[in-house]
Each structure stands twice: as structure tokens, then as C-alpha cells.
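Chains as they are written, first to last, in my numbering: chain A, 145 to 493; chain B, 134 to 932.
The hints are simulated quantities; they were obtained by calculation from the structure and are not laboratory data.
Listed next, the in silico DSSO-like pairs over lysine-lysine satisfying Cα-Cα at most 30 angstroms (straight line):
(1) A:LYS388 / A:LYS253
(2) A:LYS445 / B:LYS560
(3) B:LYS750 / A:LYS253
(4) A:LYS491 / B:LYS738
(5) B:LYS540 / A:LYS337
(6) B:LYS540 / A:LYS445
(7) A:LYS309 / B:LYS652
(8) A:LYS237 / B:LYS738
(9) B:LYS328 / B:LYS513
(10) A:LYS491 / B:LYS696
(11) A:LYS253 / B:LYS738
(12) B:LYS696 / A:LYS253
(13) B:LYS567 / A:LYS445
(14) A:LYS491 / B:LYS750
(15) B:LYS188 / B:LYS177
(16) B:LYS194 / B:LYS226
(17) A:LYS309 / B:LYS711
(18) A:LYS429 / B:LYS142
(19) B:LYS531 / A:LYS445
(20) A:LYS231 / B:LYS738
(21) A:LYS309 / B:LYS430
(22) A:LYS312 / B:LYS711
(23) B:LYS761 / A:LYS253
(24) B:LYS239 / B:LYS188
(25) B:LYS135 / A:LYS429
(26) A:LYS183 / A:LYS202
(27) B:LYS430 / A:LYS312
(28) A:LYS445 / B:LYS529
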Amino acid sequence: MEPLKDTLQTLQDEALRRIESAADAIALESLRVEYLGRKEGRLTQILRSLAQLSADEKKAIGQQSNQVKGLLEEALTRKQESIEKEKIDLSLKTSLDLTLPATPWMRGKCHPLTQVMDDIVSVFTRLGFNIAEGPEVETDFNNFTALNHPPDHPARDSHDTFYVKDFKDGANVPLLMRTHTSPVQVRYMTTHKPPVYIVSPGRVFRHEAVDATHSYVFHQVEGLAIDTDISLADLKGVLSLFAKSLFGGDGGIRFRPSYFPFVEPGIEVDISCTLCQGKGCSVCKNTGWIEMLGAGLVNPKVLRTVGYDPEQVSGYAFGIGAERVAMFKYGINDIRLFYENDLRFLKQF
Amino acid sequence: MKVSVHWLKEFVPFDLSPEELSVLLRNRGFDVASITPCGGPVQKVVTARVETVSKHPNADKLSVCSVFDGHDTLQIVCGAPNVAAGQIVPLAKIGATLPGGLVIEKATLRGEESSGMLCSRRELRMAEDHSGILVLPADTAVGQDVQTLLMLGDSVLDVEVTPNRPDVLSHWGVAREIAAALKKPLQWPEIKISKPGRAGPSFIRIDAEDLCSRYTGRLVQNVTVQESPLWMQLRLLRCGFRPINNIVDITNYILLELGHPLHAFDLDVLAGSRIVVRLSRDGETIACLDGATRPLKDALVIADAESPVALAGIMGGEKTSVQSGTKNLLVESAQFQPATVRRTSRRLGLSTESSYRFERGTSFEMADIASRRALHLILKTAGGVFAGEQDVSTRKPKTRPLHVAVKRLQELLGVPVSSADVRTALKSMDFQVKATATTLTVIPPMHRQDIQETADVAEEIIRTLGYDRLQGRLRGAPGRAEPVDRRRQLMRTGRQFLMGAGFWETRHAGLLSRDSAHKFYGETLPPFVELENPISTSGELLGTTLLINLLLTMNRNLRQGQKDVRLFETATVFHREKESTGERIAENLSLAWIATGNYQADHWKFRARPLEFWDAKSWLNGLMAEWKVTDWTLDSADLPACLHPQEALRIVAAGRGIGFIGRIHPHQTARWEISPDTYLCEIDLNVLADRPSSPVRYQELPKHPAVIRDVSLVLPETTPWADIVSFLKKRFDLIEQTELFDVFKDASLPEKHRSLSFRLTLRHADKTLSDRESSDIFQSILDELQREFQGQLRTAAPK
Numbered sequence: 145m146e147p148l149k150d151t152l153q154t155l156q157d158e159a160l161r162r163i164e165s166a167a168d169a170i171a172l173e174s175l176r177v178e179y180l181g182r183k184e185g186r187l188t189q190i191l192r193s194l195a196q197l198s199a200d201e202k203k204a205i206g207q208q209s210n211q212v213k214g215l216l217e218e219a220l221t222r223k224q225e226s227i228e229k230e231k232i233d234l235s236l237k238t239s240l241d242l243t244l245p246a247t248p249w250m251r252g253k254c255h256p257l258t259q260v261m262d263d264i265v266s267v268f269t270r271l272g273f274n275i276a277e278g279p280e281v282e283t284d285f286n287n288f289t290a291l292n293h294p295p296d297h298p299a300r301d302s303h304d305t306f307y308v309k310d311f312k313d314g315a316n317v318p319l320l321m322r323t324h325t326s327p328v329q330v331r332y333m334t335t336h337k338p339p340v341y342i343v344s345p346g347r348v349f350r351h352e353a354v355d356a357t358h359s360y361v362f363h364q365v366e367g368l369a370i371d372t373d374i375s376l377a378d379l380k381g382v383l384s385l386f387a388k389s390l391f392g393g394d395g396g397i398r399f400r401p402s403y404f405p406f407v408e409p410g411i412e413v414d415i416s417c418t419l420c421q422g423k424g425c426s427v428c429k430n431t432g433w434i435e436m437l438g439a440g441l442v443n444p445k446v447l448r449t450v451g452y453d454p455e456q457v458s459g460y461a462f463g464i465g466a467e468r469v470a471m472f473k474y475g476i477n478d479i480r481l482f483y484e485n486d487l488r489f490l491k492q493f
Numbered sequence: 134m135k136v137s138v139h140w141l142k143e144f145v146p147f148d149l150s151p152e153e154l155s156v157l158l159r160n161r162g163f164d165v166a167s168i169t170p171c172g173g174p175v176q177k178v179v180t181a182r183v184e185t186v187s188k189h190p191n192a193d194k195l196s197v198c199s200v201f202d203g204h205d206t207l208q209i210v211c212g213a214p215n216v217a218a219g220q221i222v223p224l225a226k227i228g229a230t231l232p233g234g235l236v237i238e239k240a241t242l243r244g245e246e247s248s249g250m251l252c253s254r255r256e257l258r259m260a261e262d263h264s265g266i267l268v269l270p271a272d273t274a275v276g277q278d279v280q281t282l283l284m285l286g287d288s289v290l291d292v293e294v295t296p297n298r299p300d301v302l303s304h305w306g307v308a309r310e311i312a313a314a315l316k317k318p319l320q321w322p323e324i325k326i327s328k329p330g331r332a333g334p335s336f337i338r339i340d341a342e343d344l345c346s347r348y349t350g351r352l353v354q355n356v357t358v359q360e361s362p363l364w365m366q367l368r369l370l371r372c373g374f375r376p377i378n379n380i381v382d383i384t385n386y387i388l389l390e391l392g393h394p395l396h397a398f399d400l401d402v403l404a405g406s407r408i409v410v411r412l413s414r415d416g417e418t419i420a421c422l423d424g425a426t427r428p429l430k431d432a433l434v435i436a437d438a439e440s441p442v443a444l445a446g447i448m449g450g451e452k453t454s455v456q457s458g459t460k461n462l463l464v465e466s467a468q469f470q471p472a473t474v475r476r477t478s479r480r481l482g483l484s485t486e487s488s489y490r491f492e493r494g495t496s497f498e499m500a501d502i503a504s505r506r507a508l509h510l511i512l513k514t515a516g517g518v519f520a521g522e523q524d525v526s527t528r529k530p531k532t533r534p535l536h537v538a539v540k541r542l543q544e545l546l547g548v549p550v551s552s553a554d555v556r557t558a559l560k561s562m563d564f565q566v567k568a569t570a571t572t573l574t575v576i577p578p579m580h581r582q583d584i585q586e587t588a589d590v591a592e593e594i595i596r597t598l599g600y601d602r603l604q605g606r607l608r609g610a611p612g613r614a615e616p617v618d619r620r621r622q623l624m625r626t627g628r629q630f631l632m633g634a635g636f637w638e639t640r641h642a643g644l645l646s647r648d649s650a651h652k653f654y655g656e657t658l659p660p661f662v663e664l665e666n667p668i669s670t671s672g673e674l675l676g677t678t679l680l681i682n683l684l685l686t687m688n689r690n691l692r693q694g695q696k697d698v699r700l701f702e703t704a705t706v707f708h709r710e711k712e713s714t715g716e717r718i719a720e721n722l723s724l725a726w727i728a729t730g731n732y733q734a735d736h737w738k739f740r741a742r743p744l745e746f747w748d749a750k751s752w753l754n755g756l757m758a759e760w761k762v763t764d765w766t767l768d769s770a771d772l773p774a775c776l777h778p779q780e781a782l783r784i785v786a787a788g789r790g791i792g793f794i795g796r797i798h799p800h801q802t803a804r805w806e807i808s809p810d811t812y813l814c815e816i817d818l819n820v821l822a823d824r825p826s827s828p829v830r831y832q833e834l835p836k837h838p839a840v841i842r843d844v845s846l847v848l849p850e851t852t853p854w855a856d857i858v859s860f861l862k863k864r865f866d867l868i869e870q871t872e873l874f875d876v877f878k879d880a881s882l883p884e885k886h887r888s889l890s891f892r893l894t895l896r897h898a899d900k901t902l903s904d905r906e907s908s909d910i911f912q913s914i915l916d917e918l919q920r921e922f923q924g925q926l927r928t929a930a931p932k
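Next up, chain A with everything else stripped away, as it sits in the complex (with noise of 0.2 angstroms):
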């Protein structure tokens, strides 16, 4: 009985001793194994041999046995955390160079005329103006007779136009391609009552010999309100809006006379140059000011083309160049760049 004891004493000092002192988990794993796995361990034996013992004998040493059972178990739990923690611990100090490049990302984007002219619209979308589309190939009405450029009128001269093979009118004049995007005024015009408000982006073409500021093929946004008491001062309000929208800065727009055959009065607007804050350098030849886009109120003649009276509704146009808008906000100087598509171009936008 007392040898049974000091057996199991011994026994414990010993598995304590080795477990505190294992060297990695594998060497834990197999004292486990030596003193309480469940066929062979030491532990188990001792406690297989009460049954020879007295029920007095087997209740102390059973017990005993629980208790040495106990405290073995939580040494091997502690030392077992013990180990990982100091495994964990090891495999923070392994240095990595994180400088290393990382796994390559695909990710395309949009067209620089593409975003800039969504901006473009969405300024206008923000404001309850509607997008209106139209055919790339029109009608000479469309396109000029119905925008106050009747025949043989010399402000055809700055439309240099490509025309259809092939294809006419109702009229038996030849289809072509549009040369701005305001024939979709016209479309809508026709089949909508006012008020109007429109922005129509697109691509339009003259037929113009290709040099760093002329493409045959450019973009417009080109915008129209018509309602019962718009004034300049709502063209100037919303320009403005533009200005501040696309460039930054504060909004400073400038109008001034000039002349589109369907607006009166026409105008050139500039914006402030916010490159030099309107103080004047190299890009704004020191003026302040970059001419940007053409505007002006609704021509009257216009209004009764397509059905509405003057005399009750009034309204504003715009048409903004997409390209002339790219080329200031970053800074291009070919437009051709913008039609070769080359790779090391569009990913910087």
C-alpha cells in the first residue's frame, strides 16, 4: 500500500519534471503517451493493478491516482500552449521582404473622352436634365435647314461635312454624317412639348484634314432647355455649374458675342484659367481666360421649325467639345491621341 503510494508520488515528480523540461510537441505527444495513454501508460498500469487491492485501498490510491491523473493532464495542457505560444513567437521574428512586387491586378478603364464626358452629363442628370441620343448618319434638315443653316447659307463653310453614297432624303438631298450633335435637339424637339431638358453626348465628324488640333471624328455634349422664362442668366447659372464641376476652381465664366445660326444672341464662353487662377500663363496666353464652348438662346427660327411659339417659350443651348475639355483638364496637345489608342496613353487617365 505505501509503496503504491510513493510509486505514484514518484511517478508524478518525475512526469513533471519531464514534461516541463519536453523540447517540442512531439516529445510531449509521447510523454502523454508513456503516462496516460490508455493501453500502456504508466499511469494506466498502476491504476489496472488496484483491482488486486482492498476497497479501502482502492478508494485512497484511486483517489491518488485521479489527483496525480489531474495534474498531469494540465501540465501537459500549459506546456502544450506553452509550445505553440513559443512557436508562434519564433515565427514572428522569420523576416519577409515585403517590398517584393505583388500579384499582378488586372483593371481597365474608361476612355479620357468617356469620362469626361459622363462627367460632363452627370452634371446636367444632377440637375433633372434628361440624356437624348440620336442616329450618327442624319438628314441635311436635321442636321442644318432645321438649325437655321438653310441651303446655301456660308455658315455651312465651318461644317465641312462627309456625305452618304447612296442614301437620301425625303426630300432627295443626300444623308450624312452629322457635324454636331444638335440635330437630336431637332428629334426631340419634334416629339416632345416643352419644357425641355436635354443633354445629348455623342460623336460627330467633320471632314477636316487631321493635324494636332483638328480630328475629323471629336465628341459634343451639347445641352438644351426650353421652358416658359429661361433667360441667360439660367445659361450662365448652369455653365458655371460646369465650370466648377469639370475644372474646379471658382465657376468664373466669361461670355461674349459671337454667333451659331441657331442661337441668338450666340455666344464664345470662356472659363477662368485654373492654372494660373486667371493671373495669366503660357496655356491661357496670358489672358485668364480659356475659350471653351459655344452657346446662346434658342434661335426663335428654330422654336417655329419645330413647332413651338416664341412668343411662350424660351430657352438655351450649349455644345461642349469633349476633346477641347480633355485636352485643358489634362493637359494634351494632340488630339490625334486620342483616336490611336495606344495603351501607354489611355492608362494614365
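We have chain A already, so just place chain B on it with the hints.
Here is chain B on its own, set in the frame of chain A:
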């Protein structure tokens, strides 16, 4: 249009720098494109005659001249190679100042004294020419101040005049704008001519009455055709005209001065000494002043008794032109219909200073004034006798009073405007204004044919008051908000998806060359819409596909050294569509992409993998999912020739093909110089946009667990995977998902067979499947698959 500031000051006095003047003009609607100084200023530079020239004793390249300045004879050392005795030249005397501040002092040059300097054009800053001294006309008086004589210190402004303002296409017209802005009176140029000697017979007939509203002819006898006076030549040169002879120069001078084009005929060559304004007859031609003979067709011409002698309003004829021997003149000043001049000018491709003004509109009154001013100058500079005149008009312009409400002007302009403001502004521009209680009666001056209604008057008001008065007002648009257009939505979401998948958006003009169309389509082209007047053969067809330009752009980027290139475009394509009444142009919105290189770029840690068809297919699936299009399929019908016959599919929706996806045909790769691992796709968005979009309906989340089973089936290679999926879907509604995870082929399998391994997810919506139930279902799936497809089970390990 070039205008001389010096010349403008003859009509209106002003004291503005050229820069201030251009600001003034810009604020009135006339941009100034450039300002060019015309020499000077100089002081104490006078005209002088070279009396003698002798070689400098000590210098090869210098001459010693004696020069007479009207008072004294001076010795001048001169380095110019062209100096010669008898010349009249500009002499900078001792104490003279030249442009740039150079002061002339007495000097000794290699031992010879020089009391001044003879000047070249460059020294007077008239031009860059420094090859010799400036030689003035032989009849120039000596001792004159050169600054005055050569009008140095002048500047030429290049003024941009908009097409609505032909009345400003002259010095007179520009001066009128300046006078209005500065509120100063205008001074008419001098016209002093007496009545012609006798009233002769009629010599003008207007046959084309609709096309010519006025024709004045004035006859001058016995003129001396010679060089124009220096001042006239200088002014013409400054405004871009080449001096020819005094008569031709005067017609050009008047065009620049008053804006009205004139023409002078040699009366003695004019058959029948008469003028007929008529349309050209069939087969007529005219030899023009520029030496070209032009065929005429329904052109308005000025004819003599026999044949056309001038293209009305465009250019005179060679035969009747004023030459050095011309003695007797007929001076034409007319008003032609703008449209007819423009049509003929465009048809002949012949645009002149004259046609430019006539097609924009000339003034009825000015036709006569300009003619009389020309006579004044002719008689003054070419001598001769005013021998006759005739003035024929077919209709006179009427003044049209406009009734303008001041309130309406305010409403349009958005600035407070008083009745007095309006009157002051309009009167400054020669409008007549009568006020009543609420409206103004406005009579525009005759030269303002562009003023037709209230809006035109509004522009005049704000142009005079200045736009600085205008305050912006920002209001929302109380329009009818419409739902977003489905086409734009498809375009926007398509872009977003493709950008996320690494594609870059491109934009092209959409025009194609026939050559590139053949490259893409082969021998036979589909019907193209063509341009009548392409700029070059590189863009004569309207694109039927976006892929051709994408292939060209791909090639350009590869040549720049790019490797993994993914590009897309959304734009319009054009098709010819047959209709009952003929053909129409169908414009469709198309989305296309092209990709080459690796699916994932090379990396130090992860191996790169080249693109495969499955990547392309996955982007297509992604697009359709993005667009929430569910009822679409793929088949291999009608594949275009540009695609690989084994690695391409047609995209079908709404029962029709809407596009293609696949690998580029190996024959195409060399043609476009791109890699064979290139994949393409094009989708017609119109078909998708025209269909009602299927609304999203929320599905209850599953409440019961799924049972998962793997199957490996050995099948003939020719059995498409899609058949198995659709069979399972049709037969077993408990199958929630079928995922292929392995396709395997080796010698252990029967010839031309492959093993497909896939995972089935079974789920009952209302209950948990028991082991027994799921095993039974699974067994029947296996049985049916084997029966349907003659498949052999490889393994069937329940998990």
C-alpha cells in the same frame, strides 16, 4: 480679314493701342486673331535722292554716296549692294531714331565721314528683308517725313467676322463698330464727282431679275493705267492684296474700304459696249482672270453683246480685264443674290474676296456709294473723264419696323434693362427707335439685314451693354424625368464589367478602309454604307463591326511592346437593310472586345498562364450576368470567317444570333500581325436593349441541407458537356447544381472517350433528404445517365 488701324482712323478718331482695340472688338463679337505691327516708329527719317555713288576707297563692300534731302547734300557711307544714283530712298539723318531706340550719329567709316544712314525695310521694321536699301517710287518727292509717307507705326489686325455680319467686312464696317462703342461720329470717305458729261444711251440690261437686284455702271474715258500711289499700294499690301495697276487696285481698295466688291471692264473690248446680267447658256465657258477657263452651268454671268465676260460676283474675265493699254472703263457695282454666288463659287471651287462678300450679303445702298467713291479715286489718280452712268435696279430693299417689348428683352437677357438703355444702345448703331408705352418700334439700318426679330435686338442690347452685367442663376430642371435608356444602361454596365476584367476602353472614328474590310471579311464584302467624299481611302466605309479597328489598335499596341492587351469599344455600327421601299441604314449599338497575352501577367511567385477560350467564355458569362440576361445560348451556326472554326461560338438570344465569341482564325493572325492566342467577341446591344428586361425576383434562401455526390462518367468525346447538364436539369428537379471538376483522357480509357467528373448538389425545398432517399435518387441519376449517354461509371464514391 486684315484691317489697318491707321486706315480705320480715317473714319473714326480713337486713341487706343492695338491691344485695347482688339479687346473692344472682341467684346462686340469680333475676335482678333493676330496683331501685326507695320514698321516704325521712326523720327527724322526723310526721303532723299541718291545723287552719286562711288566705291569706298578702303572697303570693298561699302559705297560713298552723296544724297540730297531737299535742303542739303550729304555724304553717306552705305553698305547696300543695290544703291544706285537716281534712287529715292529713306535717309535717317543725324539725330534720327529708329525702331528699337537706335539713334543715328555722325560717324566715320574706314576714314570716310557719314552723315546718316540709308535704310532697308528691316531697319524701318517693315519686313525682315535686309538685302538692300528700300527704293521708293521714282516720283516720290524728296524731304518728306518717312514715318508719315510709309504710314509706319501702323498695325494690322486680323479680325474674325462672323457670317451674320457682312456689313463689318470692311474698314468702314469695323470703324462703325468702333464708333458705336466709343460713341463717336463717323466720317465718310471723300466723294467728289460731278455729273457725267452727257446722258448716253442705255447699256445695262438685267435678264436674271431675281438674281441681281441692282447694277450700276459708270463709264470713264481716257484714263492712264499705271502704278497706284504709294499709300494705296502700302494699304493693299498690308491687307494681303498684291498691287496690280491703279484701276484694279482701286476696285480692291474700295472692297477693303467699304466692303463692296467692284469690277472694272475695258470698255473697248466689251462687245457692243454693253452689259447683260443673265444666266449662262448651255456650253458657254469663260476664261477667267486667273488664267483658267471654266465651263458654265446655270451660273449668273455678266455678258457683253456676245459672251460672258465675268462670273457675277466672283471673278472677271481675261478678255475684258484692265491692262496697261486700257483707255476707257466701265466700272461695275452691283448687288447679286447671295445664294447664286455661293452656288457657283462652290461648284467651281473658286472662292474670292468678292464672292466671300456677295454670298454673305451686300448692301443695296453701298453699291452706288462704292461706285461713286471708285470714280472719285479713278479721276484723282488715273485722270480721265466721267462719261456716263446707268443705275438699274429690279427691286429696292424695304425697311421693316420691328415691334419689341422691353419686358421681353429683359426676360430673354435676364438683366434689368430700361427703355432708355435700349434706345441709347440701338441709336449708337444707327437704329431708329420710337417708343410707345410698352413697346418700341425699331427700324434697323439698311446694312443690318440680320436684324429680323426681338432676339436679334436682344443681342444688340447685351452686346452694347456688355455681358459683365449678367448674373448667373442656377435652377433645377423641372422637366419630365425619364427612366434611364436601356441601351445606355447596357453600355454602362458592360463597360464596368469589362473594366473590372482588365479591359481598356478605346474610341475610334468608326470608318474603315476597303483594304482592312477585305482582310477581315475575305473576297466578298458584306454590303457597306459608303462615304461619298472620304478624306482618304483609309476611311471610306462606315464600320459594320468594331473588331476591325480593334484589331488595328491591338496591332499598334503590340508593336509598342505591350504584352497582355485587353481592349474594348462600345459604338455604332452601320448596316444596309432591305426594306419594302428600298434600303435603309440601320445603326446598331455594338459592344466588342479583343484580348491577347496571359490571363494573369508574369509574376515572380505565380506562373503566368496564356489566355484560353474558357477565359473568353467566362467574360461573356460575366457580361450576361452583369446585364441580367438569362435566356441566351451558344451554338456554332453561321460563324464568321475571322474566327477559329473549332474555338468559336455564336451567341443567341431571342431566337437570333446577336454576336460571336472565339479565338481568332489562324489565317487572320499574320494579316493583322497579332498573336494566335487572341480572342474576340462582338455583341449587338440593340437586340438586348429592345427586349423587356427580366425583373429580379428574390428567391427564398434554402432551409434544408444539401446532399453532395461526385460522379465520374466515361463517355464518347463527341458528347457535349452541355447535353449532360441540360439532361440532368430537365430530368431531376432536385439537382440544384452540376459542377464539372475534371476532364480526363488517357490510354486506360476506350479510344475516343473521355472521363468527365462532376459534383452534383441535391436539395429538396421542403425537407431534409434522408440517406436512403438521396442514395435512391443518386442511383437513378447514375442509371439514367448511363442509359441516355451510353456512359460507363468510373467511380461513384458517395461522400
